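Use the sequences and the hints to build the structure in full.
Here is how the chains run, residue by residue.
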Amino acid sequence: MELTTASEQKSLLATLSPGKRTRLRRLLFEFGPGNGTLLLLPIDQGIEHGPRDFFANPASKDPEYQFRLAAEAGYSAIACQIGLAEKYYPDYAGQVPLILKVNGKTDVPPDDQALSTTNASVEDAVRLGADAIGYTMYLGSPRQGEDLHQLKTVREDCDRYGMPLVIWAYPRGEYIEQKGGRDSFYAVDYGARMAMEMGADVVKLNMPKLNPEKDLDSPAPYNEGDFSQEEAIRHCVASAGRSLVVLSGGSKADDEKVLEQTRFVMEAGGSGVIYGRNVWQREWSQAIEIVEQIKEIMLTHVARIP
Amino acid sequence: MELTTASEQKSLLATLSPGKRTRLRRLLFEFGPGNGTLLLLPIDQGIEHGPRDFFANPASKDPEYQFRLAAEAGYSAIACQIGLAEKYYPDYAGQVPLILKVNGKTDVPPDDQALSTTNASVEDAVRLGADAIGYTMYLGSPRQGEDLHQLKTVREDCDRYGMPLVIWAYPRGEYIEQKGGRDSFYAVDYGARMAMEMGADVVKLNMPKLNPEKDLDSPAPYNEGDFSQEEAIRHCVASAGRSLVVLSGGSKADDEKVLEQTRFVMEAGGSGVIYGRNVWQREWSQAIEIVEQIKEIMLTHVARIP
Amino acid sequence: MELTTASEQKSLLATLSPGKRTRLRRLLFEFGPGNGTLLLLPIDQGIEHGPRDFFANPASKDPEYQFRLAAEAGYSAIACQIGLAEKYYPDYAGQVPLILKVNGKTDVPPDDQALSTTNASVEDAVRLGADAIGYTMYLGSPRQGEDLHQLKTVREDCDRYGMPLVIWAYPRGEYIEQKGGRDSFYAVDYGARMAMEMGADVVKLNMPKLNPEKDLDSPAPYNEGDFSQEEAIRHCVASAGRSLVVLSGGSKADDEKVLEQTRFVMEAGGSGVIYGRNVWQREWSQAIEIVEQIKEIMLTHVARIP
Amino acid sequence: MELTTASEQKSLLATLSPGKRTRLRRLLFEFGPGNGTLLLLPIDQGIEHGPRDFFANPASKDPEYQFRLAAEAGYSAIACQIGLAEKYYPDYAGQVPLILKVNGKTDVPPDDQALSTTNASVEDAVRLGADAIGYTMYLGSPRQGEDLHQLKTVREDCDRYGMPLVIWAYPRGEYIEQKGGRDSFYAVDYGARMAMEMGADVVKLNMPKLNPEKDLDSPAPYNEGDFSQEEAIRHCVASAGRSLVVLSGGSKADDEKVLEQTRFVMEAGGSGVIYGRNVWQREWSQAIEIVEQIKEIMLTHVARIP
Amino acid sequence: MELTTASEQKSLLATLSPGKRTRLRRLLFEFGPGNGTLLLLPIDQGIEHGPRDFFANPASKDPEYQFRLAAEAGYSAIACQIGLAEKYYPDYAGQVPLILKVNGKTDVPPDDQALSTTNASVEDAVRLGADAIGYTMYLGSPRQGEDLHQLKTVREDCDRYGMPLVIWAYPRGEYIEQKGGRDSFYAVDYGARMAMEMGADVVKLNMPKLNPEKDLDSPAPYNEGDFSQEEAIRHCVASAGRSLVVLSGGSKADDEKVLEQTRFVMEAGGSGVIYGRNVWQREWSQAIEIVEQIKEIMLTHVARIP
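So the protein lines, in turn, are chains A, B, C, D and E. Using this note's numbering, the first residue of the first sequence is number 1, and each one after it goes up by one. Using this note's numbering, the first residue of the second sequence is number 1001, and each one after it goes up by one. Using this note's numbering, the first residue of the third sequence is number 2001, and each one after it goes up by one. Using this note's numbering, the first residue of the fourth sequence is number 3001, and each one after it goes up by one. Using this note's numbering, the first residue of the fifth sequence is number 4001, and each one after it goes up by one.
Calculated from the structure, these hints are not laboratory results. Wrong hints could be hidden among the right ones.
[To be verified] On the chain E side, residues computed to face chain D include the following (Cβ under 7 Å):
| no. | residue |
| --- | --- |
| 1 | P4051 |
| 2 | R4052 |
| 3 | F4055 |
| 4 | K4061 |
| 5 | P4063 |
| 6 | I4082 |
| 7 | T4106 |
| 8 | V4108 |
| 9 | P4109 |
| 10 | T4118 |
| 11 | N4119 |
[What the hints assert, rightly or not] Result set (DSS-like, lysine-lysine): computed pairs, CA atoms no more than 25 Å apart in a straight line:
| no. | chain 1 | residue 1 | chain 2 | residue 2 |
| --- | --- | --- | --- | --- |
| 12 | B | K1105 | C | K2105 |
| 13 | B | K1257 | A | K105 |
| 14 | D | K3105 | C | K2105 |
| 15 | D | K3105 | E | K4105 |
None of the values given here were measured: they were computed from a predicted structure. Idealized CB from N, CA, C, for every residue including glycine.
So this is what it looks like as structure tokens:
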């Protein structure tokens, strides 16, 4: 299929307002691997999962660990909620850009009706010197109407203040599960397009997972089973159009897989990766080492410069 | 029956404020087929259905395709959500008018309680140089109370900024299904009137479908079964009164049917058609060709000049 | 029982602010039958029932019909939603006063949880030169809490702008049905008082219907069965206190009944009637004729001058 | 038990802002029985019960009856909704203070999920020259969260405008019924404290009713059954702390009981009573007479001067 | 495990704005035990439980008791709702700092869907001279989305006015009960982190309770059963990071346990304790005495000075 590939996409930066351009350039060129790429460190697991993720590496329970890591290993940005931004970021201001996540939720109640309400504002981000906003959108949730309406205000404020908008596009809810599941190619591809339609400058996706059996529940042509993993990634990246794409790693994986995934994403025209637990659940020197390897892979396989 | 036909309707433009008149005239006379007609290109399928609609013509996955098509084939306007408007429309500003759709939803959850919440504002449209607002109203949904109240704000902002209001009047929800269904003559006719009552300047309807069996569930006189397809269209157009009517094509149909439908609409006093997938799921030269044919039919059968 | 009759009520106009007094006087004395009476033409059936009501008299589908009728037959005012007010009223501005109905709903979903949300504002009414606001309140609905709170804002805006408030007091919902039903003397009487308590200047009621069997479900003394139709009307009018009362005709009835009802209302101290379908479902000359008869009955039986 | 009795409470007036003090002093000292007492006349039955309460004394259907009674019999204040306040109070302005009740509901739907939404504002009260605000709080209702949040705004506006706040503290809802019921000592005592905690200047309570069987469902120590009626009243009054307490009579009772209740309340350190139907369901001269007796009892048994 | 202990945490005060620092220093150094500790007296039981808690010590029903106790026994602050703050705090202004609790609820409805709505504002606290805000957050409740969104506004106002934010972090709801329960180590630890993530300056926790059987329902590693009580406390304190931690006593316990708990908290790097019923359910001289003992233990075991 003669799909317009993401690497052929027109420059995103050229379409952005001066404020967005200034800030997003910092992440793409001044910090992290550079050359138009994005390597993001999320430390929102404390709200999304609770402290249980920190036991694997006790040092990681202190947010200092992630902030120092982001700054010293050379991430493009660190993404966190308001509490950490107010109490820990000031020590690293100017050393690593901040993405303020403005919504979040715990994983205590089930997520069949998922909605992540805002707990911070774009104005908070401006006040704290952040360079972007993070927003979690639950595609397909029965409460998506509230979600999109809430996102409207966040997006408008981003436009008003020239703040780049990073959308975590997560398929969720009972109806997604009936159509192949949250990680299905169908769901992730829909999420990519949806985030772009809603005004994302950067889209954060989970890696699409091909599952011949469950994919039968997805609508055509996703249920036809003739996609390779690399095609799936290429499609998802293309669905985000001019919006940049970062893919996530999820829970800790072995090094080979982390590096391979990174290469896939870059080759498909993605802008980078967002690795949290995969990195900070490692002891300090190992964390630094894997980040170096990731950065090298990223720079070697850049396919699109935004 | 001595029905006042739409072609006898008093000029719509004469009743509009200067801002609305200026903008709507662009669509009716300066772009597209002209002579008071409307040929609209919707590219909201990415949110309403997800990327699945783009596989039929892979080139269509890149929003560039639809924007270029709207401009080069000579549509009256292109209708899309905020994301595309911000990232793709700027390249075509001044080449084709923009209708900013301010609400939308995915088709993942079922639509028995359909409500399409706003994700953009009339102020966004003003800022982007749009010439009209698009709003999807779900007639008969159990949540119509929220819908109409939300539409109030959009309509008031349109009045405030002199922005024409295009209402996608879609019958939806469990109770509509019990009364003949979303495409029944009853439902579409009610939608036409409802949109006009709520302040639409232009009403977008789906083609009413006569179905003798299901129509028995509609209230009188719709359940009496003595309407022809052409009468049904004429009634729907008349129910919108001074508001202009455009009918849609839905999924891709064969050329004959597309052109016949177009003629029906124009003869009934409608102002035009809105064809998306019917056009952009075709390869470029074929898309250009069918648009030329549609425009010719439209201009040949104009019955009402607003 | 020594009930204070409505005709003994102190002047309503004397208690109103200058803005309300100026506007309401137009309806009571300058237009329509005059002498302190109200003859109202509602054209809100297009939203409340859909176009089905217009088939009886095809000419009535064009809102022009009702506006012209209101002006030429000499109604005190025409009541409609924002769409008609914006697109049809301008041609009749100054020829017949406008009551802008600011809420409404379709009859597609059942009304066991009835709530009519606002789709226009008092400011819209001011902008359009309307002389009063119409608001539908569903007494007894499970959602009445939302209703009364919504009405608060409308009433406050009416106070702010000096705009008379006409409340359509409609008993509705499952609990009303359990206590005698929406048209029971109990329900209508409660509605009359409730509208007055909520700040109505004019209350629109449906004719109370005595039904010995169903009235047993009403609370005492309504379940005691010793009321005549005329007593019931007198009670309802008295329950509205200084607020003026207009009674409605509902669906088309024969001439005798229409005129008799009109007489009952006036004799009971009501201020007039609101007849829509009963009039505009007739052919033009017949419509003009019945209005003449109604006006004559009204003026002959005026019992209270506000 | 060495309970601090209400009569030992520090002066309430000394803690109030100048606006609240000025207004509340009018009720306590300038109108009604005086000497720091409160005799209130509620005429909110028209909304809470409908007109059925007026049949016992047909003259009472006309709100004039209650307003004249409040003024001529010498009540401390009359409490009513916005409709009566706007249309009837002006004739009595300056003759009897007004408590504007800003929320209310009908008794048509069941009250297992009771919530009384606002239909008027503190600004309305200021505009109308009222001397206090009335608010109905449903303690224990499943919707109490909405209730307390709504009350926040009313209380803040009272603070802003110096308007005394009278809270009708009514235990309600399915869970109250499971714990002894709405009139249980437990429930009324909780209501008294709750109203004080929420910022009431005056708390309106219903008389607590001891019911050895149902009280077993209340939490300890209320389920221990060793309280006398007088102790219960004393506790409830003490639970309101510095907030003044008025107890209500409910439906019409015989004279002996009315006067005895009045004495109990005053002796317990309460500030007065609120008698509506007990008074205005009587013929004029009898109404005047019972009020005289009540006032005499009140002044004879004053235990606390605020 | 090489957990960063709370006592190694960087100074909280150093990260706070001047307003927050000024006010929080009063609680930490100028009042109460001092030396960076917090001894808080809560008197919110009147709303959370009703007056039943006061029967154990009748004198405690009069809020004077708790205010005098807080001032004379030398607490760091007293925490209460708006009603007490307005009517009782003025007499103690300057003698003991005030924490205004801005939300609260009764215990009448079950708390499987717990949400505590706001009944006062940060502006109220500023007006009253309070030195901190108290907010109850129900971690894991099905309504946590509303909770976090409501907290957003409170936190933003605290940032705006320089008001320290104390979050009562209470795990609640049906899903918490399914995962070990509200007092489980898992739940309390999650609550500590969550409060910090949401911007708490001080976190109020209930003592985590190890329960080998119920803990099996908690996620790993909490279900592995190899934690001591002291480890659990240390973890919870560490999870709050730079936010200070106070632990509560709950219902009245024997002196030994109260003092032992106090020592545990201080040794773990907590900043103090919040003891209400444990203290004010005692007769005056006993209350004074136990407070003296608590203060001594606190100062002897200070591990972290913020």
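Outcome of the hint check:
Against a cut-off of 7 Å between C-beta atoms, the interface hint on P4051/E holds, since the closest Cβ of chain D lies about 5 Å away. Satisfaction of the interface hint for R4052/E is found here, the shortest Cβ-Cβ separation to chain D being roughly 6 Å, below the 7 Å cut-off. Using the Cβ-Cβ criterion of 7 Å, the hint placing F4055/E at the interface with chain D is satisfied: the shortest such distance is roughly 5 Å. Checking K4061/E against chain D: minimum C-beta separation of about 6 Å stays under 7 Å; hint holds.
Checking P4063/E against chain D: minimum C-beta separation of about 6 Å stays under 7 Å; hint holds. For I4082/E, the interface hint holds, the least distance from its beta-carbon to any beta-carbon of chain D being 5 Å, beneath 7 Å. A least Cβ separation of about 6 Å between T4106/E and chain D falls short of the 7 Å threshold, and the interface hint therefore holds. For V4108/E, the suggested interface contact is upheld, since its CB lies about 3 Å from the closest CB of chain D, less than 7 Å.
Look at P4109/E: its Cβ gets to within about 5 Å of chain D, closer than 7 Å, so that hint holds up. Checking T4118/E against chain D: minimum C-beta separation of about 6 Å stays under 7 Å; hint holds. The criterion of a C-beta within 7 Å of any C-beta in chain D is met by N4119/E, whose closest approach is roughly 5 Å, and the hint holds. Annotation: proposed proximity of K1105/B to K2105/C holds, straight-line Cα distance about 22 Å (limit 25 Å).
With a C-alpha separation of about 50 Å, the suggested pairing of K1257/B with K105/A is violated against the 25 Å cut-off. Proximity of K3105/D to K2105/C is assessed by CA-CA distance (about 22 Å); at most 25 Å being required, the pair is judged to hold. About 22 Å separates the Cα atoms of K3105/D and K4105/E, which keeps this hinted pair within 25 Å; it holds.
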